[in-house]
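**Student:** Model the full assembly from the supplied sequences, consistent with the hints where possible.
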Amino acid sequence: MKVGEHEISEGLYYTKDHEWIKFEGNLARIGVTDYAQKQLGDIVYVELPEIGKSVRQATEPKTKEMELGAVESIKAVSAIYSPLSGTVKETNQALQDRPELINTSPYTEGWICVLEPNNLEAERGSLLTPDAYATFLKTLT
Amino acid sequence: MKFKQASWANDAHLEPLVFELSRANRTGYTLPQKTPSGANIPENLVRKKLELPELSEPEIVRHYTRLSQMNYGVDSGFYPLGSCTMKYNPKICEELAALETASRIHPYQDEGTIQGALELMYKLERHLAEIAGVARVCLHPSAGAHGEFLGMLLARAYHKSKGKERKEVIVPDSAHGTNFASAAMAGFDVVVVPSNSKGRVDIGALRKAVSKKTAALMLTNPNTLGLFEDEILKIAEAVHKVGGLLYYDGANLNGILGKTRPGDMGFDIVHFNLHKTFSTPHGGGGPGAGPIGVSRKLEKFLPVPVIEYNRKRRRYYLDYRRPHSIGKVKAFYGNFGVLVKAYAYILLMGASGLQEATEAAVLNSNYIMHKLRGVSGYELKFDASGPCKHEIVFSAEPLKRETGVTARDVAKRLLDYGMHAPTYYFPPIVPEALMIEPTETEPKEELDRFVETLKAIADEARSDPEKLRSAPTQTAVGRLDEVKASREPILSWRMYRKLAKQ
Amino acid sequence: MGHPYIPNTHEIREQMLDEMGVASIDELFADIPEKIRLKRELKLPKQMSELEVKRHVRAMLAKNEPFTKMLSFLGGGVWPHHIPSHVQSLVQRSEFLTSYTPYQAEVSQGMLQALFEYQSVVCELTGMDVANASMYDWATAIGEAALMCARVTGRKKVLVPELISPERFAVLQNYAAGPGLELVKLGYDWSTGQLDMSQLRAGLGQDVACVYVENPSYFGFLETQIEEIANATHNAGALLVVGVNPISLGLLKAPGDYGADIVVGEGQPLGNPASFGGPTLGIFACRDDQKLVRQIPGRLIGMTTTLDGKMRGFTMVLQTREQHIRRERATSNICSNEALCAVAAAIYAVSLGPRGLRELAEICAANASYAMKKLDAIDGLEAPIFTSPHFNEFTLRCTHPKFTVENLNTKLLKQGIQGGKPISKEFPEFGETAILCTTELHTKENIDRLVDAVAEAMGARR
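Residue numbers (the numbering used here), protein chains in the order written: chain A, 33 to 173; chain B, 91 to 592; chain C, 8 to 469.
Calculated directly from the structure, the hints in this document are not laboratory data. We treat Cβ as the ideally placed atom computed from N, Cα and C, and that holds for glycine. There may be inaccurate statements among the hints.
Covered, in the sense of this in silico footprint (three residues per stretch, anywhere, with C-beta under 8 Å from a C-beta of chain B), are these stretches of chain C [to be verified]:
#1 103-111
#2 165-179
#3 256-266
#4 283-289
#5 305-317
#6 357-366
#7 371-377
**Tutor:** Given below as C-alpha cells:
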C-alpha cells in the first residue's frame with residue numbers, strides 16, 4: 033500500500049522510528065522503511081552492528097544499547113533503533129559495498145540485520161501493523 | 091552585473107593535477123652546495139623512491155595561479171556567510187605579518203631577542219580583555235574550536251579545584267556544531283536546551299536543565315539567529331546559582347563591539363575568533379586564532395607560558411611558574427602570524443572604529459531584514475518584532491512550498507550572480523534556513539543588489555525552476571556528485587592511481 | 008570623515024535608517040538591557056592611520072632580532088628553511104587568502120584541488136593512502152591520533168617514549184583527559200636512546216590502543232628498531248602512530264613502509280616561516296582501512312565528478328564524521344584548520360620535487376654530521392650524547408664543570424650566535440645538554456664559526 037509517495041510493504045511490522053520487522057521463524061529481519069530512506073536521501077554508508085551484540089528495545093530516552101548501527105547520507109547520520117530486545121545474528125554485508133540498496137530496495141535487498149529476539153511475548157504488542165504505520169505516516173506527511 | 095568564473099578545463103577535467111603535469115628532471119628550485127661530509131644515515135633507513143611531481147617554477151606558478159582564478163574570496167565579491175563574519179581583510183596587516191621581524195623569529199630564541207613579539211602579544215591580550223570585559227586573555231588556541239576546547243578544560247579544572255566533578259555542559263539547540271563536539275572532547279555530557287518561540291533560550295527549560303551537575307552553559311550572544319539574548323542576566327543567574335560557569339562563544343562578537351561586553355553580561359569564559367571579528371583572513375579554512383578570556387577566578391588555570399612584564403627590569407618574559415595551569419593545548423605560544431594582523435586591525439580601527447564597525451554591521455543586517463521580508467518566498471521564522479544584530483536568518487520554506495525549490499537551490503543560483511551563498515540549513519531549528527551576515531565592509535549598493543537578486547531568484551523559481559535546480563552554470567564547474575564522492579572516496583593521488591589500475 | 012573599511016558613510020547610513028523607518032542607530036541596540044550597556048568608550052588606543060600603524064608595529068617588532076640576522080641553531084619543533092619566493096606570492100593571492108572553507112564546491116575548485124594536492128603530497132612523503140587537509144600542529148595531531156586509536160580499538164592506554172618532546176606530551180595529556188586515556192612512558196637505552204624493547208613488550212597488554220614514537224626523535228636520533236616496534240605493536244592488536252618532521256622524509260624511509268598505521272607531524276618546515284611558533288601545520292595521515300578512515304579527524308577533500316559524470320571535480324567528503332553534522336559524536340571538534348599553510352606546503356614540496364627534497368634532507372643531515380664531529384672534538388663537550396644515527400638535530404652536552412649550557416649560550420649570543428635549546432630542566436638526567444639543529448641555511452663556514460665560538464667560550468682545546 034502507499035501513503036502519498038511512500039510504500040508500505042504488507043506482511044511486515046513497523047515502528048514509529050520507521051523500521052520494519054519481518055518474522056522468520058524465531059528470528060526477526062530488520063530494515064528501514066521507504067519513508068526513512070526518502071528522508072535520508074542518497075545513502076553513502078551503513079554502520080552495521082557487531083554480530084553477537086545485545087540490544088534493548090528502543091524506548092525514550094534513547095540510549096546506546098538500543099542502537100543497531102547507523103545510516104549515513106552526505107548531510108546526515110541517523111541511528112537505527114532496535115524494535116525488539118535481542119541478539120544480532122546476521123548483518124547484510126552487501127551494504128558495505130552497495131549502501132544504495134537501502135534506497136532502491138528498502139524492504140528486500142536493503143535489509144540491515146537479523147535479530148534473535150529474547151523478549152518477544154512482552155514486546156510484540158508495541159509493534160505496528162501496516163495499517164497502523166500507514167495511519168501514523170499520514171500524521172507526518 | 092553578469093558573472094562568469096574562470097574555468098580552465100578540457101573535456102574531462104579542469105586544470106590538471108600537479109601530479110599530471112609532472113615531467114622527469116624538471117625542477118622548481120635550486121639548493122646551495124653540499125657540505126663536505128656525508129649524511130651518515132644507514133642504508134636500511136633510507137627510502138628507495140619518492141614519487142612527487144617534477145615541474146619548473148613557471149609551470150608551478152601558472153598552475154596555482156589558474157587554481158586561484160577558480161576560487162572565490164571576500165576580495166572577489168559579497169560573501170554573506172552567517173556567523174563567519176567575512177569582512178574585508180586589510181592588506182597592511184598582511185605586510186606587517188610578513189616582516190622579517192615578525193616571521194623570521196624562533197619561539198625558543200633568547201627572550202632578549204624577542205621582546206617585540208612578547209610586547210605585541212601582551213598588548214593584544216589586554217586590548218581583547220578590555221573589549222570583552224574579562225580579566226585575562228590567553229592567545230594560544232589556533233582556531234575557534236581549539237579555543238572552545240581550552241574553555242572546556244578550564245571549566246573542568248575550575249570545578250575540580252572546588253572538589254567537584256561536574257559532568258554536564260548545556261548547549262542551546264541552535265548552537266554551532268563545534269560547541270557540542272568541544273564539550274564532548276573535554277569529557278562532558280552534552281545537555282541540549284530548546285529555544286522558545288522568540289528564537290531565544292527558553293528560560294524555563296534552562297532552569298529545569300541546570301543542576302549541581304552543570305559545569306557550564308555555552309552560549310553565543312547575539313545567538314545564531316542573529317537575535318540578542320535579552321534575558322541574558324536571567325540566564326547568567328540561573329547558571330551561577332547552581333555554581334556553573336558561563337561560556338561565551340565569540341563567533342558573533344561583531345554584533346556588539348563597544349555596545350556591551352560579555353564579561354559585563356556575566357560570562358566567566360569568553361572566546362574570540364580573530365579570523366572573524368578581528369579581520370584576519372580565513373585562508374580557505376585557516377590559519378585562524380581562537381583566544382580565550384577569563385574572569386579572575388579562572389586566571390590561575392590558564393595554559394603556560396603566560397606573558398608577563400617585569401616592571402623593574404622593564405622586560406617581558408614567559409612565565410612557566412603556574413602551578414595550577416592546565417598545561418598546554420598547543421606547542422609554543424599561539425598563531426603569532428595571525429596575532430600580528432589582529433593587533434594591527436585593532437589599532438587601525440581604534441575604540442571608535444570598532445564601535446562604528448558594529449553599528450554599520452548591525453545596520454546592514456537590519457537593512458537586509460527590512461527589505462527581504464517584503465519579498466515573497468522568504469520569511470522570518472522567529473521574532474520579527476524587534477531588531478536583529480549583525481546577522482539574520484531567513485527561511486525559504488514558503489518558496490519551497492510554492493515551487494519545490496529549496497534553500498540549497500537558491501544558494502547555488504546566487505553563485506551565478508557572482509555572490510557567495512549565505513550559510514544554509516543552519517541553525518537546524520529553522521527549516522530551509524538562509525543565514526545572512528553582510529558585515530560592515532559591504533556598501534549599500536551591494537546589499538540592494540543582494541536583495542534584488544534573491545527576488546529575481548524567487549521569480550525564477552516560479553517561472554523556470556529548472557534554472558535553479560541546474561545552477562550554478564556560471565562557475566568553474568557545475569554541481570558535483572557528492573554522493574559518489576562519499577560512497578567511493580578517492581582521497582589522494584595514490585588512491586586515484588590504485589583505482590585506475592583496477 | 009568615514010573609515011576606509013566602512014563603505015557606508017554617515018550620510019548613507021542615515022539614508023538607510025530613513026528607508027527602514029528607524030529614527031537612529033541606537034534603536035537597533037535598544038534590546039540590550041540597560042544594566043549591561045557600555046556607557047563609555049572602550050579603553051583602546053585611538054584609531055590610527057595606516058601610516059601610523061605601520062610605524063608603530065614596525066617599531067615594536069624592531070625589538071625582535073630575526074634569526075636571519077643571527078646565526079641560529081634552533082629547531083625543536085619549528086625549523087627554519089629557505090622558502091622559495093613563489094610559494095608565498097602564490098598563497099597570498101587573495102582568491103585563496105580571503106576565501107572561506109570550501110563548502111560551495113562549485114566556486115571553490117581552486118582551494119579544493121590545492122588541498123587535494125596537499126593531501127596527496129603528504130601521502131607520498133609518509134607512505135600513507137589518506138591524509139586530512141590539516142590539523143593545528145604536530146602536538147594536537149598526536150592528541151587526535153590517540154583519541155582516534157582509542158575509538159578504533161575500544162582500548163584506553165597509550166604508550167609513548169620517555170624521550171617524547173615535553174611540549175607535545177603536555178598537549179597529549181589534555182587530549183587524553185576527556186575520555187580518560189592512560190598515558191604510559193616507555194624507557195630508553197641509556198647509550199643509544201633507542202626505545203627499551205623489553206619495556207615495550209611488557210607494556211603491550213590487551214588494553215593498549217596505540218604506541219606513539221617520534222622518528223627522528225625530539226633528541227634528533229633515528230629509531231633503528233622501528234620495524235620491531237611495529238611488529239610488537241601489531242601483535243598486541245594495537246596501532247602504531249609515528250610522529251615526523253616531513254623534511255626528513257625526503258631521505259628517510261616512509262613510515263608507511265615500516266608499519267605505521269597513522270603518521271602525524273609538523274608541516275611548518277614545508278614552505279611556512281617559523282613565525283614565532285605559529286601558524287604551524289599539523290600533518291595527519293593513515294592507511295586506507297575502512298575502520299581508520301571513518302574515524303579520521305579533520306577535513307577530507309575527495310575527487311568526484313559533476314552530476315552528469317562528465318567533468319572531474321573536488322569536494323569535501325565524509326562530512327558526517329565532522330562536528331557540523333555529528334556534533335558531540337564527531338570524530339573531532341576541528342572546524343577551521345591550517346588550510347593556507349597546507350597549500351604553501353604543497354607548493355613547496357612540488358617545487359623541490361623528489362630530488363630536491365632528497366638533496367635538501369642530505370644537506371641538513373650532512374651539516375649536522377659535520378657539526379657533531381667538530382663539536383665533539385672540543386674538550387669538555389660531547390655531541391651527540393646518543394650513539395645512534397641522527398637526522399638534522401643532535402644533542403650537545405657540556406661535561407666541563409665550569410660551564411652550563413645557559414652561560415655558553417649567553418656568550419654565544421654576544422657573538423651573534425643563537426645556540427641550541429637547553430633541555431637540562433626538561434631532562435635533568437642528561438646534565439648540561441642542549442638540542443641543536445642544522446638546515447640548508449647553514450654553510451660550512453657558519454658551522455666552523457659556531458665551533459670556534461664555543462671553543463673560545465670554553466677556553467678549550469679542539
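**Student:** Give a verdict on every hint.
**Tutor:** Okay, the hints, checked on the actual structure:
Check result for the segment 103-111 of chain C against chain B: holds, 8 residues qualifying (beta carbon to beta carbon below 8 Å, three or more required). Requiring three or more residues with a Cβ within less than 8 Å of a Cβ of chain B, the coverage given for the segment 165-179 of chain C holds, as 5 such residues are present. A count of 7 residues in the segment 256-266 of chain C with a Cβ less than 8 Å from any Cβ of chain B is obtained; the coverage claim is therefore met, three being the minimum. Chain B is given as covering the segment 283-289 of chain C, and this holds because 5 residues of the stretch bring a CB closer than 8 Å to a CB of that chain, at least three being needed.
Only when three residues or more bring their CB closer than 8 Å to a CB of chain B does the claim for the segment 305-317 of chain C stand; here the count is 12, and the claim holds. Counting residues of the segment 357-366 of chain C whose CB lies closer than 8 Å to any CB of chain B gives 10, which reaches the minimum of 3, so the coverage claim holds. Evaluation of the coverage hint for the segment 371-377 of chain C: fulfilled, as 5 residues show C-beta separations to chain B shorter than 8 Å, against a requirement of three.
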